[in-house]
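Chain by chain, the residues run as shown.
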Amino acid sequence: MQYLIQFLEPAANFALREDPEKAPAYWGAWGAYIKTLVESGIIVNGAGLLPPETATTVRMRNGERLVQDGPFAEAKEMLGGFFIVEVPSLDVALEWAARSPSAEYGSVEVRPVMPPMPG
Amino acid sequence: MNAGYAQIESLARDSYGRLLAYLAARSGDVAGAEDALSEAFLAALQRWPAEGVPEKPEAWLLTAARRRMIDVARHAAVRSRAAETLSQIAEMAQSETESGEFFPDERLKLLFVCAHPAIDAAARTPLMLQTVLGLDAARIASAFLTSPSAMSQRLVRAKTKIRDAGIPFSIPAKEELAARLQSVLEAIYAAYTCGWDAGEDTTREGLVNEALWLGRVVVGLLPQEPEALGLLALMLHSQARHDARRDAEGRYVPLPEQDVSQWSEEKIREAESLLTLASTEQMPGRFQLEAAIQSVHAQRRWSGVIDWRAIAFLYEGVLHFSPTVGAQIGRAVAVAQTQEAAQGVLLLDEIPLETVRNHQPYWAARAHLLVEAGRIEEGRVAYQRAIGLSDHTVSRKFLQQKIQDL
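For the record, the sequence lines run as chains F and B. Numbering-wise, the working numbering puts 30 at position 30 of the first sequence, and it's gapless, one number per residue. Numbering-wise, the working numbering puts 411 at position 292 of the second sequence, and it's gapless, one number per residue.
FYI, nobody ran anything at the bench for these hints, they're computed from the structure. All residues carry an ideal CB built from backbone N, CA and C; glycine is no exception. Any given hint could be a false lead.
Which bits of chain B does chain F cover? Going by a derived footprint, with three or more residues having C-beta under 8 Å, they are [as the list claims (entries may be wrong)]:
#1 439 to 445
#2 493 to 506
Computed footprint of chain B on chain F, listed as stretches where at least three residues anywhere in the stretch have a Cβ under 8 Å from a Cβ of chain B [stated by the list, open to error]:
#3 17 to 30
#4 33 to 47
#5 92 to 105
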């Protein structure tokens, strides 16, 4: 089974990425986690994302194109990165989700990937 | 708070398991008994605050639940052959009338049902927590890191199995008691370790107390069983160190470095007396040996030293009874202390990589021993992996500090 693991982080934790004092701990925790995940051989795909303020959102309404700076909705926690993993069960995906640094300071959403469409 | 509500809450806490065990032992249907009992509690919530708490609240709840079960069985009888259930319930009503307000404690039977070999091993501990302690499925799911709906399904399947397979509510015969008791104790210990590893997670930490309570229930009901005494001693020894596991800044402190003045002497003494009592039966087992290992650590409070040789020897014994990865790691660490660190690494090398690939304690121990043996670079890699497998900041920070200190 494939699952999308989404790491949601509060704004304060995005800020840590650039904080000269706290960035090493932030990246150290993520680096170790990602390396272990890679070595486990379950990753299908994945990436870290630049902070939400770098997002641009597009909508078509009544034939009119609306382009907006920033993410599609203001939320307390924003997507910071994701992985698609191939694991035997939801419980295994949850184990990996719980090990991520953002499980403790943000949240991690785990969702099954749709099976390929027939035909 | 209204006296009625308070009384119901404390009854739910203290008597839930006894009431449920009594009802389920007579009908053989755990889910049916749970439904009836929750209806009875609901009725109590509606009536007691206004009408006052009845003189014998437990008997009141039992009667209400039993009526409910008879109603359900009557409805079912229309559709199927529930005559058997009906007669069992009638029998139960009979025996209760005879025994007056007293009703026997059937929790031990319920524990044996929950840990029956026919029940999926992954469902045993959750089933105990739900039936004997009344914890809800969502909380159990969080503790065992599984989704609430998956946990509910697992519990439902287990209860259906109990009913349909006719798993008996009985104390196993003498010749199989020891083996069956072991799986009851293992399920209780699983609840304890799940809570103990909880880090800052208070929901899971609560499981520690629930497990201790279950341990006391079993010892109360089987006061002569050395392994039941051993398990309670083991849990108390490790509880005794609760306050010493973090320093003033909240950092993780490994057992050999803990400040012994923060250990609870009261808990250590209780554990020691339980272990002494267990040893008079002269039937060693996994939990007694694990408790004995903790007892050796506890001696540091008075002697100032750790007898690693004794610990290594006791781990050999644990491995004989229960060859778990945890015991293999424990032995490797103890051997590294009595001989050379490299000797400990060799013992870790014997564990097949497949079984420990994602086992955080293995990588933390391996990293430590590799560094002790002078294999710094390999140690650094193992520390990285242990950090990647950690699921709380406290252990992550501790291990990151170790890398920085290299």
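Quick check: which numbered hints come out false for this structure? 1
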